[in-house]
Amino acid sequence: MFYREAGQFKTSYKKDQSILPIFQDRIAMVAMLIFCFIVIPLFANDYWLASILVPFLALSLAALGLNVLTGYAGQISLGTAAFMAVGAFAAFNLQVRVPEIPFLIAFLWGGFCAAGVGILFGLPSLRIKGFYLAVATLAAQFFIEWLFTHFDWFTNYSTSGVITAPPMTLLGMAIDNPLSKYFLVLSIVVICAFFVRNLARSEIGRAWMAVRDMDIAAEAIGINLMKTKLLAFGVSSFLCGLAGALWAYVVLGTVEPQAFDIARSFEILFMIVIGGLGSVSGAFLGAGFMILLPILLNNVGSLITGGTISTETIAHIEYMVFGAFIIFFLIVEPNGLARLWQTGKEKLRLWPFPY
Amino acid sequence: MSKFLSSVVSFIVFFVVSIAIAGEHFVPITSYRTGPYGVSGAPAANGYVDYLKMINARDGGVGGVKLAWEECETAYKPDRFVECYERLKNKGEAGATVFQPLGTGLTYSVIDRLAADKVPLITMGYGRTDASDGSVFPWVFPLMANYWSISTAKIKFIGEQVGGMDKLKGLKIANVYHDSAYGKETLPVLLKQAEKYGFELKGFPVAHPGLDQKATWLNVRRFKPDYVVLRGWGVMNQTSIKEAARARIPANKLVGVIWSCSELDTVPAGKAAIGYNCSSLINPGSNYRVFDDILKYVYDAGEGTGEKEEVGHQQNYKMGVLMGIMTVESINKATEKYGNKPMSGEQVRWGIENLDLNKARLQEMGIDGFIPTFKVSCSDHEGSAPVKFQKWNGKEFEPASDWIATDQSIIRPMIEASASGYAKEKGITPGCN
Amino acid sequence: MDWWFFLEVFIGGLLSGVMYSLVALGFVLIFKASGVFNFAQGAMVLFAALTFVRLLEMGIPMLAAVGVTMIIMVILAIAIERIVLRPLVNQDLIILFMATIGLNYFIEGMAQLVWDSKVHVLDLGIDEYDAFEIGEAFINKFDVYAALIAGGLVLVLSLFFRYTVIGRALRAVADDHQAALSVGIPLRTIWIYVWSTAGLVALVAGAVWGSKLGVQFAISSVALKAIPVLIIGGFTSVPGAILGGLIVGCGEKLAEVYLGGFVGGAIENWFPYMLALLVLMIRPEGIFGEKIIERV
Amino acid sequence: MNDQKFVDRSEVMMNIKDINLSFGGLKALSGVSLKINKGEVLAIIGPNGAGKSSMLNVISGIYVPQEGEVEWKGKLRKKIAPHDIARMGIARTFQNIALFKGMSALENILTGRNILMKRNIIMEMLYMGLGRSQEEKHRKKAEEIIDFLEIQSIRKMPVSRLPYGLQKRVELGRALALEPELLLLDEPMAGMNVEEKEDMCRFILDVNEQFGTTIVLIEHDMGVVMDISDRVVVLDYGIKIADGTPDEVRSEQKVIDAYLGAG
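Chains as they are written, first to last, in our numbering: chain A, 1 to 355; chain B, 1001 to 1433; chain C, 2001 to 2296; chain D, 3001 to 3263.
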């Protein structure tokens, strides 16, 4: 009843092309932002902020990055974590070498380094497709992990090969408690999401999707596959790099290269599969799902069984539930949670009429 | 979908009304029973829990206050561990007493949070080495011996084998290590000793997880080492022991670190492992009262966490028991000062810093001979306990040496240098209060 | 340059290469018949090996254990076809690929839940430590036997593909699903066959790797070693898998021994992938793979 | 845009001189010469395997013949990157629809405009300045095409959900969005019912008249071909057997043989 376009006539294409054409959506978005920026900080405790929301946001950003590449441009990548690692270590190194650099600049630098590396490992995409390409990105995964583990220069010669993020201060305010960290990450992620959304609905986004859906036709209408793919790799890796920097600086504070291992890459791939390929909201939904599920099982498990079942068993079941969910989503809704939400909205739009 | 939502809701509810466990010392147990390292993590967790159960059953807790614990699966992943840490740190009436991550990477991921949360960390035989300097790391306790200390003991052990430290001169020692932060930890201190004693040292990294090490060991063989220091972890260990045998390097020339010192590493290697040496914080053998008590009060009551065969026999299980011992003794020490009520992390921190495990106390606890005597102090968060070397005889580990004291003269300066560096970086003013 | 040593490295490389091929084989079979890149192969290896070793521990004789494990793997194959593949039959391959990643998690969890996550010693009665001595080079007997087993398996499989009805059917399906269906080959039966066969291969691989490493969670990660093998050999060729394995094995061993030193070693993890990447750049379909032709 | 353009039909737009094209051993085109005049509707017909599609691909520059040369507006045409063909003013549709399934009809057509847009990642990211203005400008153009093709009602629908006929129409729209001088249609009416065909014919003729676009199409339906094309070229086994007005071609004996399969 309340979710209707009826009566909202677009008097110009300008209006029709605004980021959220439907009035209720704009309201919802505003409400969402208010909730994230005001309500959550008011009510969430440190545990939720520090160990669920902040990691969630950081990984959402990585998922967003991968979604640009895999979801929009249709190039599958299993090297996401590697690009995150590049971001983290680049940011760290810049600050170590040049201490007076503010950390936000370091983050950007991390992003750009990641973008560079991403483009480099994206080059094979000009010749190979599908999981052949996935293998190329796996090469990135293993090589970069090795590189950072192996050459002490990257870890500034710390005996343990672990990098510790320098303290962050923004406008003289120290970012050290869960709340400030939450605000920092949230702001960055929201901005990035906004950018990606805009790209997706502009000329570049269409070029990406064209390449994804039918590359031959895309060429026939004058889209340069090489430029388009590499741009996708660049943008995607930039976001992943940024996410990596956040992971190192804000989420963990100290990381070793192993924190960006292949398992992480897969985790993020699942996020966009479950959340929904080629949609901004999908990245968030997927990330939320992937973060909450293990903790959920871990808690509910011990809660329901009252510790009668060993955490070992629960952990194994966790694996199974995980796999099952992924398969389930691929079968039931290959376009992920985001599409479920979409169809839901469309139904609502027509409600109470069946069509 | 709806199922998912509802479960999320129930989850949130669970958190909002997470009932504090009242009137008990709360022990957070962060274990890993799954993933590539679950094999090592599970028995350790069993040991830890069993010991706590035993204390509750035998002594009715510590100072009349029962022990309560909650286990949280970290899967050996730092981010999962941080989540567990954050979840458990405020549980219980007085908050979490002490965390034992059982993983170097895991340790690093929370060090910077400890001061703010006022929760101590015990990291026995792993973790951040320079944390032995308590003046910089008041909240971290690499009890008994850290990586570097053990490394010095190892060289001493080799010295013993060849009949005197002077005999080390000109020897060739290969260092086969897991190519990770953990594996590289001892490189500097080994180099220092190479200088000091004049043996030739060469490092051979093994790519994680180390399923196939043929190439590495061909290189090792080409180096023709007199001794091989094996710094492995997980599946790498047994593969290394096997490959060593294939490279015609006798097992008794191998010296493993404490994380390469378990049946999990020797048994799969079969006869190749006979004669294999490795360092340990504990004495082999199972005839210590503590294990009898665990069997009596826990397993006979049908409360056993793992399998009965593990008790007192499985190395990782014993390490788990050791973890339990340290936790409980620290709480005990704290109650002596702060009285018989649930202890907070801050109070337990004091307890750890004032641990004094002398002969008498060890006998009381029924672990005399199981571990050496040692005493912790603010400046020395390690307690510089001596290290035991064990030999695998094909069925079980047996002592290969007496307790070998670590050589602090080598590492203390390095630790202090490193620690002060950290202090500068973090703006900490070192000092013992 | 010590030529005996070189020889030993070289042969050692070949032998471990065969071990990789053994795992790669499982991928090839499934890819050939269904175009699916089955990421769960590693998990299947783990599951098969665990089942096998646990049965042995129960005191069941070797052959019986093999039989039972085989039956279980067939059941697994059927289940997978029913529950996973059938509903996804017309999805694009990338979706199926991701489904197998999910499957991977599921099987890993199941394997450890049903059996356990301990290390199990698997003794095939082959002495792992005595070696043939050629000049100054030791060639480990166990590796040689493993290689022979792998070789035999490959032979059997290629014969199977060439001379049996099912084998031909498989090839037909591989070439063109529609065509295969139109000549009346039930795709689903084929899939069950092929997944079962992959199960068998998984069992052999699991047994060999298991007796080498002890049966434990970590052996599921041998799958990652197999992927570059596939790229180099081509996803659709059984001999390709073997040759790819040999190339990877030799390549990585020689690289580790002779190049590793210059960059600090432990390059075995990524070197095969770089090698694969190189091959891809030159010949995107792998050395033995069938050329992918796109019509306008 | 709606004003009738005057076009000089005698001006040669593309001149293809006796080309030979073969894949491996298989000969697709042998010694075919062909002039495409500006503003005409040229139909290429012939039995299956006559080399029609190959011809189209030669024209569009995707295939480069082993022998012979192609003159484009009086200049010799070298090998070009596929994505540069569009920039020369050549657009095409595909035999089996090649729409971007993930997008709506409108987006598909807008994608056709991409080539006419400027890429500025920053502005597009912020959706400001150029990034915004050009989107809106080209949206207008796209809407004109949508009106022209009478698909207003489905503009926001994902193309994958559209019926076949409409999909073909959207694909035509996408090609038109490029504002091409030469439009290649590969069996634009295959598998359509009568009404759909009639619509399509109308659109093709309108395009030709209103925009003065030169059109080369492959079609099986003789009736349609004869009705709409100014000139018909008949290929058989890769050889051109006839070239002329529909009436001339219809009376050509070779053509009749080819189609009756005799001779």
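Errors might be hidden in some of the hints.
Stated by the list, open to error - Result set (DSSO-like, lysine-lysine): computed pairs, CA atoms no more than 30 Å apart in a straight line:
1) D/3141 x A/227
2) B/1337 x B/1066
3) B/1253 x C/2118
4) D/3118 x D/3075
5) C/2118 x C/2141
6) D/3017 x A/227
7) A/129 x D/3073
8) D/3027 x A/227
9) C/2141 x B/1202
10) A/227 x D/3156
11) D/3137 x A/227
12) C/2118 x B/1308
13) A/227 x D/3118
14) B/1391 x C/2141
15) C/2118 x B/1224
16) D/3073 x A/227
17) D/3075 x A/227
18) A/227 x D/3197
19) B/1253 x C/2141
20) C/2141 x B/1172
21) B/1391 x B/1192
22) A/129 x D/3137
23) C/2118 x B/1296
24) A/129 x D/3079
25) A/129 x D/3118
26) B/1192 x B/1337
27) C/2141 x B/1271
28) C/2141 x B/1091
29) C/2118 x B/1271
30) B/1169 x C/2118
31) D/3140 x A/227
32) B/1167 x C/2118
What the hints assert, rightly or not - Short, incomplete list of chain A residues facing chain C, as computed with Cβ under 8 Å:
33) 131
34) 293
35) 295
36) 313
37) 324
Hints were generated in silico from the structure; no laboratory data involved. Bear in mind that the values here come from a model prediction, so they are computed numbers and not experimental data. Glycine is no exception: its CB is placed at the ideal position from the N, C-alpha and C atoms.
Here's how the hints hold up against the structure:
Among the hinted pairs, residue 3141 of chain D with residue 227 of chain A is consistent with the structure: their alpha-carbon atoms are about 25 Å apart, no more than 30 Å. Restraint check for residue 1337 of chain B and residue 1066 of chain B: satisfied, since their Cα atoms lie roughly 18 Å apart, inside the 30 Å limit. Taken as a hint, the residue 1253 of chain B and residue 2118 of chain C pair is honoured in the structure, with Cα atoms around 28 Å apart against an allowance of 30 Å. With a C-alpha separation of about 28 Å, the suggested pair residue 3118 of chain D and residue 3075 of chain D falls inside the 30 Å cut-off, and the hint holds.
A hinted pair counts as satisfied when its Cα atoms are at most 30 Å apart, and residue 2118 of chain C with residue 2141 of chain C qualifies at roughly 27 Å. For the suggested pair residue 3017 of chain D and residue 227 of chain A, the alpha carbons sit about 34 Å apart, so the restraint of at most 30 Å is broken. Simply put, residue 129 of chain A and residue 3073 of chain D have alpha-carbon atoms about 37 Å apart, too far for the 30 Å limit, and the pair is violated. This hinted pair does not check out: residue 3027 of chain D and residue 227 of chain A have alpha carbons roughly 35 Å apart, beyond 30 Å.
The straight-line distance between the Cα atoms of residue 2141 of chain C and residue 1202 of chain B is roughly 29 Å, inside the 30 Å bound, and the hint therefore holds. At roughly 28 Å between alpha-carbon atoms, residue 227 of chain A and residue 3156 of chain D fall within 30 Å of each other, so this suggested pair holds. Simply put, residue 3137 of chain D and residue 227 of chain A have alpha-carbon atoms about 24 Å apart, close enough for the 30 Å limit, and the pair holds. Simply put, residue 2118 of chain C and residue 1308 of chain B have alpha-carbon atoms about 15 Å apart, close enough for the 30 Å limit, and the pair holds.
For a cut-off of 30 Å, the pair hint linking residue 227 of chain A to residue 3118 of chain D stands: about 14 Å separates their Cα positions. This hinted pair checks out: residue 1391 of chain B and residue 2141 of chain C have alpha carbons roughly 28 Å apart, not beyond 30 Å. Proposed proximity of residue 2118 of chain C and residue 1224 of chain B is contradicted: the alpha carbons are some 34 Å apart, above 30 Å. Distance restraint check for residue 3073 of chain D and residue 227 of chain A: the Cα-Cα separation of roughly 29 Å lies within the 30 Å cut-off, and the hinted pair is therefore satisfied.
Proposed proximity of residue 3075 of chain D and residue 227 of chain A is supported: the alpha carbons are some 28 Å apart, at most 30 Å. Between residue 227 of chain A and residue 3197 of chain D the CA atoms are separated by roughly 38 Å; this puts the pair beyond 30 Å, and the hint is violated. Under the criterion of a C-alpha separation no larger than 30 Å, the hint pairing residue 1253 of chain B with residue 2141 of chain C is consistent with the structure, at around 23 Å. With a CA separation close to 29 Å, the supplied pair residue 2141 of chain C and residue 1172 of chain B stays within the 30 Å bound.
Straight-line distance between C-alpha atoms of residue 1391 of chain B and residue 1192 of chain B comes to about 27 Å, which keeps the hinted pair within the 30 Å bound. Taking the CA atoms of residue 129 of chain A and residue 3137 of chain D, the gap is near 35 Å; set against the 30 Å cutoff, the hint is violated. Taken as a hint, the residue 2118 of chain C and residue 1296 of chain B pair is honoured in the structure, with Cα atoms around 26 Å apart against an allowance of 30 Å. The straight-line distance between the Cα atoms of residue 129 of chain A and residue 3079 of chain D is roughly 25 Å, inside the 30 Å bound, and the hint therefore holds.
About 28 Å separates the Cα atoms of residue 129 of chain A and residue 3118 of chain D, which keeps this hinted pair within 30 Å; it holds. Using a Cα cut-off of 30 Å, the hinted pair residue 1192 of chain B and residue 1337 of chain B is violated, with the two alpha carbons roughly 42 Å apart. A threshold of 30 Å between alpha carbons decides the hint, and for residue 2141 of chain C with residue 1271 of chain B the separation of about 16 Å falls inside it, so the pair holds. Restraint check for residue 2141 of chain C and residue 1091 of chain B: not satisfied, since their Cα atoms lie roughly 57 Å apart, outside the 30 Å limit.
Between residue 2118 of chain C and residue 1271 of chain B the CA atoms are separated by roughly 20 Å; this keeps the pair inside 30 Å, and the hint holds. A threshold of 30 Å between alpha carbons decides the hint, and for residue 1169 of chain B with residue 2118 of chain C the separation of about 42 Å lies outside it, so the pair is violated. Restraint check for residue 3140 of chain D and residue 227 of chain A: satisfied, since their Cα atoms lie roughly 27 Å apart, inside the 30 Å limit. Between the alpha carbons of residue 1167 of chain B and residue 2118 of chain C the distance comes to roughly 41 Å, so the proposed pair goes past 30 Å and is violated.
The criterion of a C-beta within 8 Å of any C-beta in chain C is met by residue 131 of chain A, whose closest approach is roughly 5 Å, and the hint holds. For the restraint placing residue 293 of chain A at the interface with chain C, the shortest Cβ-Cβ distance is roughly 12 Å, beyond the 8 Å limit, so the hint is violated. Hint status for residue 295 of chain A relative to chain C: violated, with the closest Cβ pair at about 17 Å, above 8 Å. The closest approach between the C-beta of residue 313 of chain A and any C-beta of chain C is roughly 7 Å, which is under the 8 Å cut-off, so the hint is satisfied.
With a least beta-carbon distance of about 6 Å to chain C, the hint placing residue 324 of chain A at the interface is held under the 8 Å criterion.
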